[in-house]
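Could you build all of it, start to finish, from the sequences and the hints given here?
Each number in this note's numbering corresponds to the 1-based position in the sequence shown with 9 added.
Just so you know, these hints were derived from the structure itself, not from any lab. Built from N, CA and C at the ideal position, the CB exists for glycine as well. Treat each hint with caution, since some may be false.
Unchecked claim - Here are the simulated distance ranges between beta carbons:
id: 1; residue 1: Lys115; residue 2: Ser89; range: 30 to 38 Å
id: 2; residue 1: Lys210; residue 2: Lys152; range: 41 to 49 Å
id: 3; residue 1: Phe203; residue 2: Gln182; range: 33 to 41 Å
To be verified - In silico PhoX-like cross-links for lysine-lysine, where the CA-CA straight-line distance does not exceed 20 Å:
id: 4; residue 1: Lys171; residue 2: Lys103
id: 5; residue 1: Lys229; residue 2: Lys107
id: 6; residue 1: Lys229; residue 2: Lys103
id: 7; residue 1: Lys152; residue 2: Lys183
id: 8; residue 1: Lys107; residue 2: Lys171
id: 9; residue 1: Lys115; residue 2: Lys210
id: 10; residue 1: Lys210; residue 2: Lys152
id: 11; residue 1: Lys171; residue 2: Lys183
id: 12; residue 1: Lys115; residue 2: Lys196
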Amino acid sequence: SSCTPSGSVGSERASCRAMAAIRPLAMAHVRSGAGRVETMVKGGRGVRTPRGRRCGCRTRRARGCWVVSEFDSEKMHVPSDSFGGNSPERHVAKSMRKFFTFVAAKIVLHQLEGVAPESATPMEADQPGDAQEGTAEARRSAKRIQSDYQQLLDMLQNHPMKDEQEWIQMLLQKNSMLGLRIMEVRKAYAEIDFEWDNLRKVSMSILEEGNDDMMQWWVKQQYGEGIQDESSQEP
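So, in structure tokens, the structure goes:
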């Protein structure tokens, strides 16, 4: 198969030869139930799949060649025992519940940190009766906010969130209102502020970058010295 050059002529030719050498490995037919994956190394902007369709699912260039994948319409099967009987989506969702709990705790801590010093500002002592009563209530409110802040800070520093549900239970026992606030904030953040569409984009980008890095590393490990020697002999 041909390769599309991108760099010095010697290194490109050696790189193409290296990619051609791993073609038998890349031409992997993975059968899982009714689904099938065909991965092949080709040059150019895409390849004609065995069914005559043009495949546009490409990773980034690795040594001047495209790695192209085709998937059947059937979804790939994940064994049911992979995540204790849970689907991959449910497994990730449980992990994200822990993530959202931690994020909510940091959000509330930041809110309390900003309000506590302002609430603790001293009032004038020589005020009318109603004003003094309001001052006393403000001091009690400031004391509650400072107490909430210290309790939440202590929970985050001294009680690692290994299990987010157990962590919430512990917080509810110490301060029920603070625990309920964390629960409401984590739900609201997930529903309103978290960018789910951006999560998909970033996740796919990181996967593509990881595959690209590993492909280049593998080719370099297997053929790097040969590529360097052959390229140095080119005129």
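* Which earlier hints can't be squared with this structure? -> When the structure is compared with the hints, numbers 3, 5, 6, 9, 10 turn out to be violated.
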